[in-house]
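Trainee: Given the coordinates of chain A, assemble chain B onto it according to the supplied hints.
Top to bottom, those sequences are chains A and B.
Residue numbers for the first sequence follow the working numbering, so the first one is 5 and each next one is one higher.
Residue numbers for the second sequence follow the working numbering, so the first one is 5 and each next one is one higher.
In short, the hints are calculated from the structure, not lab data.
Note that the coordinates shown come from a computational prediction; the quantities given were computed from them, not determined experimentally.
Every clue listed holds true.
Counterexamples of contact, computed for chain A against chain B with all Cβ distances above 12 Å:
| no. | residue |
| --- | --- |
| 1 | D67 |
| 2 | D165 |
| 3 | S280 |
| 4 | E287 |
| 5 | A303 |
Covered stretches of chain B, going by a simulated chain A footprint (3 or more residues, C-beta under 8 Å):
| no. | stretch |
| --- | --- |
| 6 | 116-128 |
| 7 | 174-185 |
Ideal placement from N, C-alpha and C gives every residue a C-beta, glycine not left out.
2 protein chains.
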Amino acid sequence: MISKLIQEIEKKDAPIVVGLDPQLGFLPKHLMEQGIKEYGESLEAVAAAVFEFNKAIIDATYDLIPAVKPQVAMYEQFGVSGMVAYRETVEYAKSKGLVVIGDIKRGDIGSTSGAYAAGHIGTVQVGGKTFLPFDEDMVTVNPYLGSDGVKPFIDVCNKNDRGIFVLVKTSNPSSGEFQDQKIGEKTLYEMVGEKVAEWGADSMDGAYSNVGAVVGATYPEQGRVLRKLMPHTYILVPGYGAQGGKGEDLVDFFNEDGLGAIVNSSRGIIAAYTKSDYAKFGEKHFADASRQAVVDMLADIRGAIAAGK
Amino acid sequence: MISKLIQEIEKKDAPIVVGLDPQLGFLPKHLMEQGIKEYGESLEAVAAAVFEFNKAIIDATYDLIPAVKPQVAMYEQFGVSGMVAYRETVEYAKSKGLVVIGDIKRGDIGSTSGAYAAGHIGTVQVGGKTFLPFDEDMVTVNPYLGSDGVKPFIDVCNKNDRGIFVLVKTSNPSSGEFQDQKIGEKTLYEMVGEKVAEWGADSMDGAYSNVGAVVGATYPEQGRVLRKLMPHTYILVPGYGAQGGKGEDLVDFFNEDGLGAIVNSSRGIIAAYTKSDYAKFGEKHFADASRQAVVDMLADIRGAIAAGK
Chain A
5 MISKLIQEIE KKDAPIVVGL DPQLGFLPKH LMEQGIKEYG ESLEAVAAAV FEFNKAIIDA
65 TYDLIPAVKP QVAMYEQFGV SGMVAYRETV EYAKSKGLVV IGDIKRGDIG STSGAYAAGH
125 IGTVQVGGKT FLPFDEDMVT VNPYLGSDGV KPFIDVCNKN DRGIFVLVKT SNPSSGEFQD
185 QKIGEKTLYE MVGEKVAEWG ADSMDGAYSN VGAVVGATYP EQGRVLRKLM PHTYILVPGY
245 GAQGGKGEDL VDFFNEDGLG AIVNSSRGII AAYTKSDYAK FGEKHFADAS RQAVVDMLAD
305 IRGAIAAGK
Chain B
5 MISKLIQEIE KKDAPIVVGL DPQLGFLPKH LMEQGIKEYG ESLEAVAAAV FEFNKAIIDA
65 TYDLIPAVKP QVAMYEQFGV SGMVAYRETV EYAKSKGLVV IGDIKRGDIG STSGAYAAGH
125 IGTVQVGGKT FLPFDEDMVT VNPYLGSDGV KPFIDVCNKN DRGIFVLVKT SNPSSGEFQD
185 QKIGEKTLYE MVGEKVAEWG ADSMDGAYSN VGAVVGATYP EQGRVLRKLM PHTYILVPGY
245 GAQGGKGEDL VDFFNEDGLG AIVNSSRGII AAYTKSDYAK FGEKHFADAS RQAVVDMLAD
305 IRGAIAAGK
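Bound conformation, chain A alone (with noise of 0.2 Å):
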């Protein structure tokens, strides 16, 4: 699957991968009325928006970029229409030709791991018949509990060609609480990168590997020390945007090949209309500036891997 990614990266020179977070402060008022005024105040009505927020901003950016990310966190919110929403959302990606990473972030015990992997990059047998729950092509996954939590995602990439990534180091504020804590001469994230490029050595699918990892855009200094420990390892790259990250800062995610990264964008593109930057699209236009949104930041972070060059 990571070669697939990879492929799609290099037709469309887009390093990039679109979050579709859809917050019930983010959907524009026409979408929430129509899905009002069709399921009434209901999370079915909001369900229906989310929808319909997503494939607007997918038709207007599909061509430019290789692969979406929904969090699934953003529809579970919205309880069992939420989850239709995430399921509706993956597979029009899909029929768009986008790679879809399921923003999940799961790990459990290895049966309950082997569970999840099975419902969202695997498949389910009943009776004769095989379907596939959720169909993400790629997932996130929680590395708390060691290898036999990650394990069951690796065998299912092996078995059905999918990937994962693995988180590392996260880009939210606190995540050096633990992660950055030095055990012995290393960090955790360090270690835990170790071990990233352990479990992806079995699952090589071209130059790199279906296991990925996620370091945040917001941690550089890290970011360039994981790049070196883990060569055959993609980075998927969140942070950039909303949370601070900028284009320069990204560098150092990159390998010499100019591949290696995927750098996230969530509310920087799909609320872009909210942004004064973008306001002159309007809200009824919210997917155009969603589209310039990508655009401008093609541009910043084709700019800055030229520039680093």
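Mentor: Chain B in isolation, oriented as in the chain A frame:
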């Protein structure tokens, strides 16, 4: 919420929780056949079987136990239909007076953890109406992202009188890979345990905090250390039974007041009918087998606590 859980534990003299983790392999044939008859070979069929399975087990055990702990992965693996069964299970268990601990192990950056908290233990506002999307009483939380990944859950606990259990030392074989690493004089799990105690100080509900911890029955020595480190923290103890934990291993998870821990068994109870000890009940009477397994587990744990005093 922890005071409500303690009240139920004391009323039933039962510091235990039944894990509702319905794997496909545990579902009795007649329930699967009934599901398939109604919905065809589909995820809906499995979901219907799962709910009937849980309902029968709840009906057969609710007078003996204070709480159930559905493991969401076992529902999520069946896609949206599985999440419907999860929601129905939560609702049915609550209708029988049980405290419901959603074993969701979520945890993300602040705004995302806020969405998980709203969807599972909080509320969502749509126009003039308020919804409780999944409506568990308590959930489990992963601490890898540090304070700002946990605090949004605590805020919702404080607002809506709910509870969480934060993963400290998990029950699985490889939990030590990161959790046992030494940071100066302490292990990572001790450092997380200290944080749990600190977070919990602002969420007291009687003698204990609404911020609890998860510590595996399979690690009794670590349980002893953590018990002392977090005197006001309730400990959710998975790993009893199928994972290898025994009653005698559990004594030191409890405080001298006989409280402070609640022991989970999943497969040992819900799949009891598949074990030789309970085979006499037969597959059709799986729920009676579960009841007997609860009675036996209670005798084991009450005996161990009495002997340990």
